[in-house]
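There are 2 protein chains.
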Amino acid sequence: MISINQQKYITSLHLKKFRQKYRNFLVEGEKMVKELLTQQRVAVVTIYGTERWAAQNAALIQPFYDKFNTTTEVELKKIGTLTTPNQVVAVAMIPEQAILSSIDPNVLTLYLDGIQDPGNMGTILRIADWFGIRHVCCSDDTVDAFSPKVVQSGMGACFRVGILEGIILSDFIKIHPDTSVIGAVMDGQNLFSTTLFGSGILVIGNEGKGIRPENENLLTHKITIPSGAENGAESLNAGVATGILVAELLRNKLVY
Amino acid sequence: MISINQQKYITSLHLKKFRQKYRNFLVEGEKMVKELLTQQRVAVVTIYGTERWAAQNAALIQPFYDKFNTTTEVELKKIGTLTTPNQVVAVAMIPEQAILSSIDPNVLTLYLDGIQDPGNMGTILRIADWFGIRHVCCSDDTVDAFSPKVVQSGMGACFRVGILEGIILSDFIKIHPDTSVIGAVMDGQNLFSTTLFGSGILVIGNEGKGIRPENENLLTHKITIPSGAENGAESLNAGVATGILVAELLRNKLVY
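Taken in sequence, the protein lines are chains S and R. First residue of the first sequence: 1, per the numbering used here; consecutive thereafter. First residue of the second sequence: 1, per the numbering used here; consecutive thereafter.
Hints are computed from structural coordinates only; laboratory data are not their basis. Hints are supplied without guarantee of correctness; some may be wrong.
Because identical chains cannot be distinguished in the list, a pair is counted as satisfied if it fits within a single copy or across any two copies.
Derived pair list, reagent style DSS-like, types lysine-lysine, alpha-carbon separation capped at 30 Å [stated by the list, open to error]: (1) K209 <-> K8; (2) K8 <-> K222; (3) K149 <-> K31; (4) K149 <-> K209; (5) K174 <-> K67; (6) K78 <-> K149; (7) K8 <-> K67.
So here's chain S without its partners, still in its complex pose (with noise of 0.2 Å):
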C-alpha cells in the first residue's frame, strides 16, 4: 500500500525539478532495481515492490528490509513511468558530484554539449561505462541523466559513471589547463590518421547543432569521422559518433 504522499512525493521524481530538489531519482523495473540493489555507490531509499516479486528476490531485498514497501502492479502503474506492466520501483539517491578539480586529466573525460534525446543520452552513459570512462560532464542544457527515460535506456551506468551537472568547459579548463580539448567537427583531421590521445577531455556536440561556437574555440584537436559513401551520406547518430570516437581514442589502452 502506497500512501498518497508517498504517491506525490513519487511522482514529482518524474520532473527534474523535484528530482533536483530532493536530489532523488527513480530506478524502474525488475533489471534496473535488481542493479540497483547490487552496487555499492547509490544509496537506496524506498523500495516499492510487487508480493509476487518480493517473494521471489527474498534475498536480493534482505539488506533492504526497512526500506521495502509492498504494492501492487496497479499502484506502480500510478507511481511510475513504464508503459509496460512493472513488479517493482526504487528510489534512490542522487550521487554527490565530483569537483573538478577531482577529475584525472590523464585519463578521458567527456563532456555532453546539450545532448537533448534521452536514448542518446543514456546510449552515450553505456560507452562511457563499458570504456570504464570515469566521469562524464554535462552541460545545464543537457538532458538530465537521472530523468526516468535516461535511466531506463542507460541500463543502470548511471550506478557506475559519475555524472557532474551544470559543468561549463571552460572552467574544466581553468582547473586542467594542460589536457587535451577534443571534438568531432565537419572539417578536422581524419579520426583514424591523428596520434591517438587517451587522455583529456572529449566535447560531444548537441544532435543537429553540434558543438556551440564558444566551445568549439576551445577546442585544441578537432577531429573526423572519415565517410567512406561516395555521395553524400546524410550522418551519424550521436551515440555511434561517440562510440566510435571513444573506442579509437582508447584504442592504444584497449589492445591486449
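Please arrange chain R on chain S, whose structure you already have, making use of the hints.
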C-alpha cells in the same frame, strides 16, 4: 483533398503486410521528402503536401507535378504516423532488391540477425550509409527497413543503401563460400588486435539474444569489442556496437 480510398491506401502502408503486398512505403516530413525527391534510386509514387509547403518548394516539386496532391495538416495527421505537425507525406516504391550473387564479396556487407528495435535499425542503416556499405541483408525476423519509424530514424539511408529482406545467412555463404563471416560474440578475439577485414559479411545479432546459434556456427571470425571497465559494465547498444565494428573493419580504407 485526399479521397477515402487514397486515405485507406496510405494508412494501409503503416503495416508491413501491405507494404510487402504493394511494394510501396511512406516517407514523412519535409526533411525526408526533400531527400526522397532529390535522389535517383527510389521511385516516387505520390506526394501529399499542404499549399504552404508546395509554395515554398515549387522547384523541388516541379519534376513531380503529375504526382503532387494538395492537402491539409488535418488530413496529413490522419494518414501519417508522425505525432508532430507535418506538411508533407509521400508514397515511394520499395526498390527491387539485389540478388545475392550480385553482391561483391570483396567489400563489407552487413547481415542483421533479428534486429528488433526500429531506432536501432535506422541507426544501423545510417552507419551503412556513412561508411559506404552498399548492401544490408536482413533475416526475416528483422524489423522492416521500410516501416515509418525506421525510415524516420534512418534519416534517408534507405534511399541509398541496398536492403535485402528475408535473407538466410547460409544462403549467402553458399553463393560466396570463401567470404569472411565476422561476428561479435562474448569471448571472441579482441577487435583491436585482429587483422582487419575490409571485406566479407559482418553479422549483427539481436539486441537481447545476440547472434542465433545456427548463425554463430557459420562465423569464420569471432571478435569482441574489449571493455575498459574494471567491474563489469552492462553492454553496448546494438547501433553503437555496429558503428565501432564497421569503423574498425574499414579503418585501413578510411585513412587518408
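These are the hints, each one checked on the structure:
For the identical chains of this complex, K209 and K8 are neighbours neither inside a copy (37 Å) nor across copies (38 Å), given an alpha-carbon limit of 30 Å. For the homomeric pair K8 and K222, neither the shortest alpha-carbon distance inside one copy (47 Å) nor that between copies (51 Å) is at most 30 Å. In this assembly of identical chains, K149 and K31 lie within 30 Å of each other by CA distance both inside one copy and across copies; the values are 14 Å within and 26 Å between. With identical chains, the CA atoms of K149 and K209 are at most 30 Å apart both within one copy (22 Å) and between copies (22 Å).
Taking the shortest alpha-carbon separations for K174 and K67, neither the intra-copy value of 43 Å nor the inter-copy value of 59 Å comes in at or below 30 Å. In this homomeric assembly, K78 and K149 come within 30 Å of each other (Cα to Cα) both inside a single copy, at 16 Å, and across copies, at 28 Å. Taking the shortest Cα distances, K8 and K67 sit within 30 Å of each other inside one copy (18 Å), while across copies they are farther apart (54 Å).
Checked against the numbered hints given earlier, the structure breaks hints 1, 2 and 5 and satisfies all the rest.
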